[in-house]
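Position chain B against the provided structure of chain A, taking the given hints into account.
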Amino acid sequence: KAGVTQTPRYLIKTRGQQVTLSCSPISGHRSVSWYQQTPGQGLQFLFEYFSETQRNKGNFPGRFSGRQFSNSRSEMNVSTLELGDSALYLCASSLGQDTGELFFGEGSRLTVL
Amino acid sequence: GENVEQHPSTLSVQEGDSAVIKCTYSDSASNYFPWYKQELGKRPQLIIDIRSNVGEKKDQRIAVTLNKTAKHFSLHITETQPEDSAVYFCAASPFYNQGGKLIFGQGTELSVKP
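Chains as they are written, first to last, in our numbering: chain A, 89 to 201; chain B, 128 to 241.
For reference, chain A alone in the conformation it holds in the complex (with noise of 0.2 Å):
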């Protein structure tokens, strides 16, 4: 069974660019949410879809969002990038019908200058 996939795993851009990640998740799982991981702040919750629906939201400002697709698959973009965006944006997939074990993804690291 494959795991979650996460593309791209590297990128660079600069500020006040957008970027848009992708994450494919275990072949059922109908959840996946988004994280952002980085050395000061550690894993923080960006948001959450079931079913093509954002079920869940964590306190980042609006420049984060996201969206699912009827196959699961879901993407997150920022907007206007800021040298503080810089992270580890890690995606994880679970079955979805409440709180279980959560399958991460290797993760996107973005840097921006």
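It is worth saying that the hints were derived from the structure and are not from the lab. Check each hint, because a few of them may be wrong.
[What the hints assert, rightly or not] Below, in silico cross-link-like pairs of lysine to any residue (SDA-like), each with a Cα-Cα straight-line distance of 25 Å or less:
| hint | chain 1 | residue 1 | chain 2 | residue 2 |
| --- | --- | --- | --- | --- |
| 1 | B | Lys149 | B | Glu206 |
| 2 | B | Lys198 | B | Pro221 |
| 3 | B | Lys149 | B | Lys240 |
| 4 | B | Lys169 | A | Ser110 |
| 5 | B | Lys195 | B | Arg170 |
| 6 | B | Lys184 | A | Lys145 |
| 7 | B | Lys184 | B | Asn130 |
| 8 | B | Lys185 | B | Val140 |
| 9 | A | Lys101 | A | Gly146 |
| 10 | A | Lys145 | B | Pro221 |
| 11 | B | Lys169 | A | Val200 |
| 12 | B | Lys169 | A | Gly128 |
| 13 | B | Lys184 | A | Pro96 |
| 14 | A | Lys101 | B | Arg170 |
Just chain B now, with coordinates in the frame of chain A:
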């Protein structure tokens, strides 16, 4: 707001010793408490979890205890081995209808010296 405090931030033990990591949560509605292990450059992986109707759970050398009254939960690793070296994250979440939303602690970097 929801918050999970984790201590210590770093922990160094000799191989064979025990390691204990403690977490405190703020949201009294939390009733699911997983622990994730993240090796250097790797993705976080679930190692054990506990639900609020259970006070303790064991899996070989790993155990987790939960005190709902005090809002504390702890990870215990016995007979530590060098491969236990990693960053460990505790987390908390309401069990129902919160899906993939976990509030993580800041992490504990565990170093097991041979």
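Hints, one by one, checked against the model:
no.	hint	result
1	B:Lys149 to B:Glu206	18 Å, holds
2	B:Lys198 to B:Pro221	13 Å, holds
3	B:Lys149 to B:Lys240	21 Å, holds
4	B:Lys169 to A:Ser110	18 Å, holds
5	B:Lys195 to B:Arg170	29 Å, violated
6	B:Lys184 to A:Lys145	30 Å, violated
7	B:Lys184 to B:Asn130	23 Å, holds
8	B:Lys185 to B:Val140	21 Å, holds
9	A:Lys101 to A:Gly146	24 Å, holds
10	A:Lys145 to B:Pro221	14 Å, holds
11	B:Lys169 to A:Val200	22 Å, holds
12	B:Lys169 to A:Gly128	18 Å, holds
13	B:Lys184 to A:Pro96	38 Å, violated
14	A:Lys101 to B:Arg170	23 Å, holds
Hint check: violations occur at hints 5, 6, 13; the rest are consistent with the structure.
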